[in-house]
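The whole structure should be built from the sequences, with the hints applied where relevant.
Protein chains in written order, with the numbering used here: chain A, 1 to 208; chain B, 1 to 127.
Think of the hints as simulated: they come from the structure by calculation, not from any bench.
Values in this document were obtained by computation on a predicted structure and should not be read as measured data.
Note that the Cβ used here is the ideal one computed from N, Cα and C, for glycine as well.
Certain hints may be false.
To be verified - So the derived label-pair ranges between C-beta atoms look like this:
id, chain 1, residue 1, chain 2, residue 2, range
1, A, Arg97, B, Leu113, 56 to 62 angstroms
2, B, Ala59, A, Tyr121, 28 to 34 angstroms
3, B, Met29, A, Tyr35, 27 to 33 angstroms
4, A, Tyr15, B, Met118, 54 to 60 angstroms
5, B, Ala40, A, Val13, 55 to 61 angstroms
What the hints assert, rightly or not - Capping the alpha-carbon separation at 20 angstroms, the derived lysine to any residue pairs in SDA-like fashion look like this:
id, chain 1, residue 1, chain 2, residue 2
6, B, Lys50, A, Met206
7, B, Lys50, A, Ala73
8, A, Lys95, A, Lys169
9, B, Lys82, A, Thr28
10, B, Lys82, A, Phe32
11, B, Lys82, A, Gly31
12, B, Lys50, A, Phe200
13, B, Lys50, A, Leu207
14, A, Lys95, B, Gly23
15, A, Lys95, B, Met29
16, A, Lys95, A, Ala175
17, A, Lys99, A, Thr162
18, A, Lys99, B, Ser24
19, A, Lys169, A, Ala92
20, B, Lys50, B, Leu38
21, B, Lys82, A, Ile34
22, A, Lys169, A, Glu96
23, A, Lys95, A, Arg170
24, B, Lys82, A, Ser27
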Amino acid sequence: MSTTVTATSEAPVFYEVDEHPHPEGHSTALGFWIYLMSDCLIFAILFATFGVLGGNYAAGPGPRDLFDLNLVALNTTMLLLSSITYGFAMLAMDKERVKATQVWLVITAVFGLAFLSIELYEFHHMIHEGAGPQRSAFLSAFFTLVGTHGLHVTFGIIWLVTLLVQVQKRGLITANKRRLMCLSMFWHFLDVVWIGVFTFVYLLGMLR
Amino acid sequence: MSANAHNDAHGHDVHHELGVAHGSMSGYMTGFILSVILTAVPFWLVMSGKIGNPTWTAAIVMVFAVVQIVVHMIYFLHMNFKSEGGWNMLALVFTLIVVGIALAGSLWVMYHLNTNMMPSHDMRQML
Numbered sequence: 001m002s003t004t005v006t007a008t009s010e011a012p013v014f015y016e017v018d019e020h021p022h023p024e025g026h027s028t029a030l031g032f033w034i035y036l037m038s039d040c041l042i043f044a045i046l047f048a049t050f051g052v053l054g055g056n057y058a059a060g061p062g063p064r065d066l067f068d069l070n071l072v073a074l075n076t077t078m079l080l081l082s083s084i085t086y087g088f089a090m091l092a093m094d095k096e097r098v099k100a101t102q103v104w105l106v107i108t109a110v111f112g113l114a115f116l117s118i119e120l121y122e123f124h125h126m127i128h129e130g131a132g133p134q135r136s137a138f139l140s141a142f143f144t145l146v147g148t149h150g151l152h153v154t155f156g157i158i159w160l161v162t163l164l165v166q167v168q169k170r171g172l173i174t175a176n177k178r179r180l181m182c183l184s185m186f187w188h189f190l191d192v193v194w195i196g197v198f199t200f201v202y203l204l205g206m207l208r
Numbered sequence: 001m002s003a004n005a006h007n008d009a010h011g012h013d014v015h016h017e018l019g020v021a022h023g024s025m026s027g028y029m030t031g032f033i034l035s036v037i038l039t040a041v042p043f044w045l046v047m048s049g050k051i052g053n054p055t056w057t058a059a060i061v062m063v064f065a066v067v068q069i070v071v072h073m074i075y076f077l078h079m080n081f082k083s084e085g086g087w088n089m090l091a092l093v094f095t096l097i098v099v100g101i102a103l104a105g106s107l108w109v110m111y112h113l114n115t116n117m118m119p120s121h122d123m124r125q126m127l
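Dropping the structure here:
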């Protein structure tokens, strides 16, 4: 018996024996960041697809025939403004100012909706001209890449409205702050992806 | 509930518990102004065609994009080497490596596939 006890006490411990505290949500930021990185991989593959297929017009219209850089510049402005207004919402949240947080979030949603409307107008215009996703490999890749980004923005707006309701009902409790922080990362991340889109799809497309 | 009460009592501690700093007004404004400049210049370069050579314009536009992505990462996403004990940065570096391999590999392989699989003569000679 005594040998067993000695063996147990001398055996190396491969795990933490003592329980340490796991406050609720303490790893959410890292977990959400890793989700964003996986999303980044999705976009990378879509960018690679566009890079490979972007020149295959199938004798159809190319970027110069389809893209209106003034519209893209306006769209970029909308998304950039929504990014900074979300930043203001986070600053208001830090100061525990519920009303200001809500106002900035609503402004962010409005800019987000403006971005989506302009994008949908552009898509509608292109499809109306016969340059839909089925026209050529270039257009399939274009609609997949830009459309996926647009879908992300759509879900971001739905999430934002959900959080507006949450903040209205429960105020700026810790859980809501955590959620708003996650959405802020998501929102700024979408702006980062858009930098890639307007550079590689639109600007470089016009130079092809 | 007690956890909430604890956090609310130490509101300024929430950042540390969330693991991410929220930045400051000056930080957001710096990021915003830099972003506006870094967006406006490439648009202007392409739309005005100031640089005659498209290859050079493309290269400069891409440099602006990379710089703007870094600006967004620092001022809007608050990336640094310390957040989450460096795990954020580690995940980012890993992702960038995978993205780099995926992008460079796809473009390289498919470009060579296209050039090598194409008929070497052009179609007009077949008529």
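Here's how the hints hold up against the structure:
no.: 1; hint: Arg97/A x Leu113/B: 56 to 62 angstroms; verdict: holds, 57 angstroms
no.: 2; hint: Ala59/B x Tyr121/A: 28 to 34 angstroms; verdict: holds, 32 angstroms
no.: 3; hint: Met29/B x Tyr35/A: 27 to 33 angstroms; verdict: holds, 28 angstroms
no.: 4; hint: Tyr15/A x Met118/B: 54 to 60 angstroms; verdict: holds, 59 angstroms
no.: 5; hint: Ala40/B x Val13/A: 55 to 61 angstroms; verdict: holds, 59 angstroms
no.: 6; hint: Lys50/B x Met206/A; verdict: holds, 14 angstroms
no.: 7; hint: Lys50/B x Ala73/A; verdict: holds, 18 angstroms
no.: 8; hint: Lys95/A x Lys169/A; verdict: holds, 19 angstroms
no.: 9; hint: Lys82/B x Thr28/A; verdict: holds, 16 angstroms
no.: 10; hint: Lys82/B x Phe32/A; verdict: holds, 17 angstroms
no.: 11; hint: Lys82/B x Gly31/A; verdict: holds, 16 angstroms
no.: 12; hint: Lys50/B x Phe200/A; verdict: holds, 19 angstroms
no.: 13; hint: Lys50/B x Leu207/A; verdict: holds, 12 angstroms
no.: 14; hint: Lys95/A x Gly23/B; verdict: holds, 12 angstroms
no.: 15; hint: Lys95/A x Met29/B; verdict: holds, 18 angstroms
no.: 16; hint: Lys95/A x Ala175/A; verdict: holds, 16 angstroms
no.: 17; hint: Lys99/A x Thr162/A; verdict: holds, 16 angstroms
no.: 18; hint: Lys99/A x Ser24/B; verdict: holds, 19 angstroms
no.: 19; hint: Lys169/A x Ala92/A; verdict: holds, 18 angstroms
no.: 20; hint: Lys50/B x Leu38/B; verdict: holds, 16 angstroms
no.: 21; hint: Lys82/B x Ile34/A; verdict: holds, 16 angstroms
no.: 22; hint: Lys169/A x Glu96/A; verdict: holds, 15 angstroms
no.: 23; hint: Lys95/A x Arg170/A; verdict: holds, 17 angstroms
no.: 24; hint: Lys82/B x Ser27/A; verdict: holds, 15 angstroms
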